[in-house]
Amino acid sequence: MHDRRYRTWNAPGTIVGGQGGAALLEGLTERDWGESCASSVQAEDSLLTGKRPSPQLRIELRIEEPRWLRPTVQRMEQLLALPRNWDSYGALPVTVVSVQMALNALMMVMESRSPAPTVVPTVEGGVQLEWHQNDIDLEVEVKPEGQILMSRQGGLLPEASEVGLAHDCNILIQTIRHL
Amino acid sequence: MNQYEDDPTIADHAELWRRIPPQWFVLDRNLGSMRPTSQAFQDHPNGTPMSVLLADVVRESGRGTTAALVGHKGFALAAITAGLCRQCSQKVARDPKPDEPAHGVVVGKKSDAVRRRLAREAQWVVPPG
Numbered sequence: 000m001h002d003r004r005y006r007t008w009n010a011p012g013t014i015v016g017g018q019g020g021a022a023l024l025e026g027l028t029e030r031d032w033g034e035s036c037a038s039s040v041q042a043e044d045s046l047l048t049g050k051r052p053s054p055q056l057r058i059e060l061r062i063e064e065p066r067w068l069r070p071t072v073q074r075m076e077q078l079l080a081l082p083r084n085w086d087s088y089g090a091l092p093v094t095v096v097s098v099q100m101a102l103n104a105l106m107m108v109m110e111s112r113s114p115a116p117t118v119v120p121t122v123e124g125g126v127q128l129e130w131h132q133n134d135i136d137l138e139v140e141v142k143p144e145g146q147i148l149m150s151r152q153g154g155l156l157p158e159a160s161e162v163g164l165a166h167d168c169n170i171l172i173q174t175i176r177h178l
Numbered sequence: 000m001n002q003y004e005d006d007p008t009i010a011d012h013a014e015l016w017r018r019i020p021p022q023w024f025v026l027d028r029n030l031g032s033m034r035p036t037s038q039a040f041q042d043h044p045n046g047t048p049m050s051v052l053l054a055d056v057v058r059e060s061g062r063g064t065t066a067a068l069v070g071h072k073g074f075a076l077a078a079i080t081a082g083l084c085r086q087c088s089q090k091v092a093r094d095p096k097p098d099e100p101a102h103g104v105v106v107g108k109k110s111d112a113v114r115r116r117l118a119r120e121a122q123w124v125v126p127p128g
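If you read the sequences in order, they're chains A and B.
Per numbering that gives the first Met the number 0, the first sequence starts with residue 0, numbered consecutively.
Per numbering that gives the first Met the number 0, the second sequence starts with residue 0, numbered consecutively.
Quick caveat, the hints were computed from the structure, so don't treat them as lab data.
The beta carbon of each residue, even a glycine, is placed where N, CA and C say it ideally should be.
Check each hint, because a few of them may be wrong.
To be verified - To be clear about the criterion: a stretch of chain A counts as covered by chain B if any three or more of its residues have a C-beta under 8 Å from a C-beta of chain B, and this derived list gives those stretches:
{"hint": "1", "stretch": "62-69"}
{"hint": "2", "stretch": "149-155"}
What the hints assert, rightly or not - Quick list of in silico lysine-lysine cross-link-like pairs, DSSO-like style, CA-CA up to 30 Å:
{"hint": "3", "chain 1": "B", "residue 1": "LYS108", "chain 2": "B", "residue 2": "LYS96"}
{"hint": "4", "chain 1": "A", "residue 1": "LYS142", "chain 2": "B", "residue 2": "LYS109"}
{"hint": "5", "chain 1": "B", "residue 1": "LYS72", "chain 2": "A", "residue 2": "LYS142"}
{"hint": "6", "chain 1": "A", "residue 1": "LYS142", "chain 2": "B", "residue 2": "LYS90"}
Using the sequences and the hints given, assemble the complete structure.
See below:
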């Protein structure tokens with residue numbers, strides 16, 4: 000099993016499309032997220048007003064800060080500030096929901112010394128987490144509405160293509176351990 | 000998408016250029032180099048096919064790589080070949096626009112495997128600054 004200290008990620012923020020107090024990966028129960036550790040992420044999204052101010056993610060941890068967290072959050076804040084057409088081909092702005100779900104997933108599956116992902120925006124308004132090391136190519140795409148898909152190639156692990164993580168994150172946990 | 004057919008006058012070795020914004024630069028430690036993310040080879044969010052510039056047409060008009068990046072500070076330019084796209088079950092077609100006669104499209108379903116292959120085999124024409 001992975002380190003459960005990092006599994007709790009309570010999100011009471013004002014998230015467009017969120018679930019009012021908790022942002023959970025589909026299929027997980029409250030119990031899955033633990034009770035002893037209070038971590039939270041808050042974000043303001045003004046997509047509904049058409050504005051795109053500097054975003055700020057507020058994260059509260061009662062655990063040791065994982066080394067991958069700070070650069071990852073800073074990167075996500077930058078991505079949230081991207082305007083429409085940031086790629087020059089008509090890409091949509093990154094949604095807060097996708098960032099929140101990406102952070103949720105990372106808090107669940109990463110250990111404190113796991114390597115930080117590269118975070119890139121997608122044209123649809125989602126984000127993709129990537130690792131390319133130790134002969135493994137791992138990509139986790141978070142759709143704008145929060146659905147999460149994983150693909151991996153290389154290494155000693157069998158190839159996986161666009162595997163949904165709604166009900167089982169073990170495949171991702173195992174892959175990250177091999178990085 | 001059905002309006003496009005593969006254009007046999009575009010040779011397999013023809014270069015197709017795609018602008019890469021800095022948010023799409025990825026350090027690939029397996030390759031030992033920076034490359035575009037697989038997300039850089041995706042169709043338009045409105046469903047229209049992925050846009051490219053036909054390098055031959057750009058050059059025929061007396062322009063160069065910088066023409067593709069005018070107004071896009073910090074962007075790089077990556078090239079894939081028409082033949083690579085066809086190996087990935089994509090069609091390559093000309094789609095000239097009034098303001099860009101070299102505009103083309105790469106048509107077909109871009110699964111993650113297709114996008115990953117295009118990203119891994121892309122070559123920098125103008126590398127990340």
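Now for the hints, and whether the structure bears them out:
1. 62-69: violated (count 0)
2. 149-155: Result for this restraint: holds, n = 3.
3. LYS108(B) / LYS96(B): Holds, at roughly 23 Å.
4. LYS142(A) / LYS109(B): holds (16 Å)
5. LYS72(B) / LYS142(A): holds (27 Å)
6. LYS142(A) / LYS90(B): holds (26 Å)
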